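Fit chain V to the given chain X structure using the hints.
Protein chains: 2
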Amino acid sequence: MAICAQSPFKPVNLSPHSPSPTHKSPFICKLSLSSHSTHSPLTTEPTPLLTSVTTFAPATVANLGPGFDFLGCAVDGLGDFVSLSVDPSVHPGQLSISSISGDASSKLSKDPLLNCAGISALAAMKLLNIRSVGLSLSLQKGLPLGSGLGSSAASAAAAAVAVNSLFGSPLSPLDLVHAGLESESKVSGYHADNIAPAIMGGFILIRSYEPLDLMKLEFPETNDLYFVLVSPEFEAPTKKMRAALPKEIGMPHHIWNSSQAAALVAAVLMGDVEGIGKAMSSDKVVEPRRAPLIPGMMAVKKAAIEGGAFGCTISGAGPTAVAVTDREEKGREIGERMVEAFWKEGGLKAAAVIQKLDRVGARVVSSVPR
Amino acid sequence: MAICAQSPFKPVNLSPHSPSPTHKSPFICKLSLSSHSTHSPLTTEPTPLLTSVTTFAPATVANLGPGFDFLGCAVDGLGDFVSLSVDPSVHPGQLSISSISGDASSKLSKDPLLNCAGISALAAMKLLNIRSVGLSLSLQKGLPLGSGLGSSAASAAAAAVAVNSLFGSPLSPLDLVHAGLESESKVSGYHADNIAPAIMGGFILIRSYEPLDLMKLEFPETNDLYFVLVSPEFEAPTKKMRAALPKEIGMPHHIWNSSQAAALVAAVLMGDVEGIGKAMSSDKVVEPRRAPLIPGMMAVKKAAIEGGAFGCTISGAGPTAVAVTDREEKGREIGERMVEAFWKEGGLKAAAVIQKLDRVGARVVSSVPR
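Top line first, the protein sequences correspond to chains X and V. Just so we're aligned: 207 in this note's numbering is position 199 of the first sequence, and the numbers increase by one with no gaps anywhere. Just so we're aligned: 241 in this note's numbering is position 233 of the second sequence, and the numbers increase by one with no gaps anywhere.
Pulled out of the complex, with its shape left as it was, chain X reads as follows (with noise of 0.2 Å):
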């Protein structure tokens, strides 16, 4: 069964971008911790500021070829929205889910403990101590599942910046990505690279988990890159997708793929779009594995680059693929001519969408006071 609906791409403006409170973040974030999940919770337990708020958190691309499980990026104008709201009709220190909108609506559980955001919001509780007041929370869904765009990540990145901002934002971006990751090690392995970019915004690199380590890669402001995502209506097999990874790599193949890493990472923070696409569709280890179980996927990528885009791939595990661009117009063309070789060579509907780098991250768009 096809997952996406036909449209399944819903860009929405916010503006203005401005950060929330929570992005006050040091360029590198360090924080040693002695596990996974037991981060300290606060001792004294914050009174909440705002009586409600509503957060948005983008869509996210993991991997983006070499950087597989460790670099993912955000991008602007796709996402999911959390409205969180103080309730004294819940049970104080617990938290409930009143609505989830959105295409996907109603394939997820309104159960906090099976929910994304559920799971997510209530590490966050937990991090901030929260036994006084009882939250409700109402999902609205931008993002297919499963469609390679960090969907998971979205919902658990905007319910822990909700429940963070409620209270006065003491938690810092690191708490809210263990918060964060809480959910993911649940839904889709315990993965930084779409949470992290999703809270921080931008390119993320994850250097370590013990301790979480993340550096954020600045692109520069001056500079313009556009994705062309295009989402066929596929069901990228999950369980395929990781046993397809090789198990051991040979060093010709290990010595390209990490020095296509670190060009990547040198092409972000020198604003070089070119080297970017370049070595994005470079990947000699994840991609060739993983391509031929999305029908038409080499197509695309062959029908991006002759488009003119600087370079294709899998966005995530897929199935949806990632091309990069200079120009939103060339973004257009580009992203015509994968949808019609996903549907010539792959027989897949699929929908192009063109979006900047969301360089923000998760983030307040409207709150009441208290």
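A couple of the hints might just be wrong.
Unchecked claim - For lysine to any residue, the following SDA-like pairs were computed, each having C-alpha atoms within a straight-line distance of at most 20 Å:
hint, chain 1, residue 1, chain 2, residue 2
1, X, Lys255, V, Pro254
2, X, Lys255, X, Pro245
3, X, Lys134, X, Ser114
4, V, Lys292, X, Asp221
5, X, Lys292, V, Pro219
6, X, Lys292, V, Leu121
7, V, Lys248, X, Pro260
8, X, Lys247, V, Pro260
9, V, Lys292, X, Leu121
10, V, Lys292, X, Tyr217
11, V, Lys255, X, Leu253
12, X, Lys248, V, Met259
13, X, Lys255, V, Lys292
14, V, Lys255, X, Gly258
15, X, Lys255, V, Glu256
16, X, Lys247, V, Met259
17, V, Lys352, V, Glu243
18, X, Lys292, V, Pro254
19, X, Lys134, X, Leu58
20, X, Lys255, V, Pro260
21, V, Lys292, X, Glu218
22, X, Lys292, V, Ser109
23, X, Lys292, V, Lys248
24, X, Lys292, V, Glu218
25, V, Lys292, X, Ser216
26, V, Lys292, V, Glu243
27, V, Lys194, V, His261
28, X, Lys292, V, Tyr217
29, X, Lys292, V, Pro96
30, X, Lys255, V, Gly258
31, V, Lys255, X, Lys134
32, X, Lys292, V, Asp221
33, V, Lys134, V, Leu121
34, X, Lys248, X, Ala299
35, X, Lys255, V, Met259
36, V, Lys247, X, Lys292
37, X, Lys292, V, Glu243
38, X, Lys248, V, Gly258
Bear in mind the hints are in silico, worked out from the structure with no lab data behind them. Here the structure is a predicted model, which is why all the values come from computation and not from measurement.
Okay, now just chain V, sitting in the frame of chain X:
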């Protein structure tokens, strides 16, 4: 037999460090080549603009841990000199090596076809299409052989730049790397991670060989980076060093090393010396196999870190150990500890020098116009 003299390092002081005319290199050098060595020569033969020229090329640290086989940097104050002159007694289009001086001189051939500087100079002459002038070369070795500091590359780089300068520098830095690669491929394998930084200076990422695609990674001018280079009296068994490399790398180590290589490059561009050290120290693929072949190396690394170094690894294929720090004085303390550890744990005498990053690469130090 130990190949290093008791004091293997002869720091040189070159002032001013003005770049030669060959160093107007673009930030990224790209050149498509159809094969390794058939870069097209000039169609018109240039005439010499100088009677003689003396060049210097710096020592280089290749690999830097997770940058195995694709990353290297140049180190100021250590290196080789080449003096080159138009010599009517030499058959037109040919090269003669008139003298070789320095501690390592007795081990080197004066046959230009069997000498790094000679091979590289002849390759540069071929690229320049020199047929009417004979040249005489004198090599002054400042670097010990087989120490892991790019001794052969320094000779090759100084020679290629000398030839180019003599004829008004029509060759690009990438041409010069090609010339140097002809030498390197005969001496230590087709790797550009020493010759490229020896010619271009700074940190160089080798993105691909076909075509040769090099990225110069600019370490910010305002930041200080010191290398502590500790060279033991020990001949690293080159064949064993290559044979020790794993043929296959497990996926977790592949991901880890790729992410560290990416972090290393990011740290260089961000001027984060601590980050450089941390990433340099993090290799789980090559260093664990090679370090045990150099007596005391693991203890030397431990001593460097305990002494305050941000990181430490094997320079090139060893036996030199390289640590990084941001202060010269601290570098000296670290060096003393490392020398002590080589002696106590490896039974090896060693010498330490503290040097800055060389940002310029091979350059003209003096010349006589025609």
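Straight-line alpha-carbon gap lysine 292 of chain X to glutamate 243 of chain V, limit 20 Å: violated (36 Å)
20 Å Cα cutoff - pair lysine 292 of chain V, glutamate 243 of chain V: Violated, at roughly 24 Å.
Satisfaction of hint between glycine 258 of chain V and lysine 255 of chain X, Cα-Cα up to 20 Å: Holds, because 6 Å separates the two Cα atoms, which is no more than 20 Å.
Proposed proximity, histidine 261 of chain V with lysine 194 of chain V (alpha carbon, max 20 Å): Roughly 31 Å between the alpha carbons, so the hint for lysine 194 of chain V and histidine 261 of chain V is violated.
Hint consistency between lysine 247 of chain X and proline 260 of chain V [alpha-carbon to alpha-carbon, up to 20 Å]: holds (18 Å)
Agreement of lysine 255 of chain X and proline 260 of chain V with the hint, judged by alpha carbon distance not exceeding 20 Å: Distance of about 9 Å is within 20 Å: holds.
Restraint status (C-alpha distance of lysine 255 of chain V to lysine 134 of chain X at most 20 Å): violated (46 Å)
20 Å limit on alpha-carbon distance, applied to hinted pair lysine 292 of chain X and glutamate 218 of chain V: holds (15 Å)
Pairwise hint evaluation, leucine 121 of chain X against lysine 292 of chain V, where the allowed Cα distance is 20 Å at most: Answer violated: lysine 292 of chain V to leucine 121 of chain X is near 38 Å, above 20 Å.
Agreement of lysine 292 of chain V and aspartate 221 of chain X with the hint, judged by alpha carbon distance not exceeding 20 Å: Holds, at roughly 18 Å.
Lysine 292 of chain X paired with aspartate 221 of chain V [C-alpha distance capped at 20 Å]: Cα-Cα ~18 Å, so holds.
Pairwise hint evaluation, alanine 299 of chain X against lysine 248 of chain X, where the allowed Cα distance is 20 Å at most: The given pair, whose Cα atoms are some 12 Å apart, holds under the 20 Å limit.
Hint check: violations occur at hints 3, 6, 9, 22, 23, 26, 27, 29, 31, 36 and 37; the rest are consistent with the structure.
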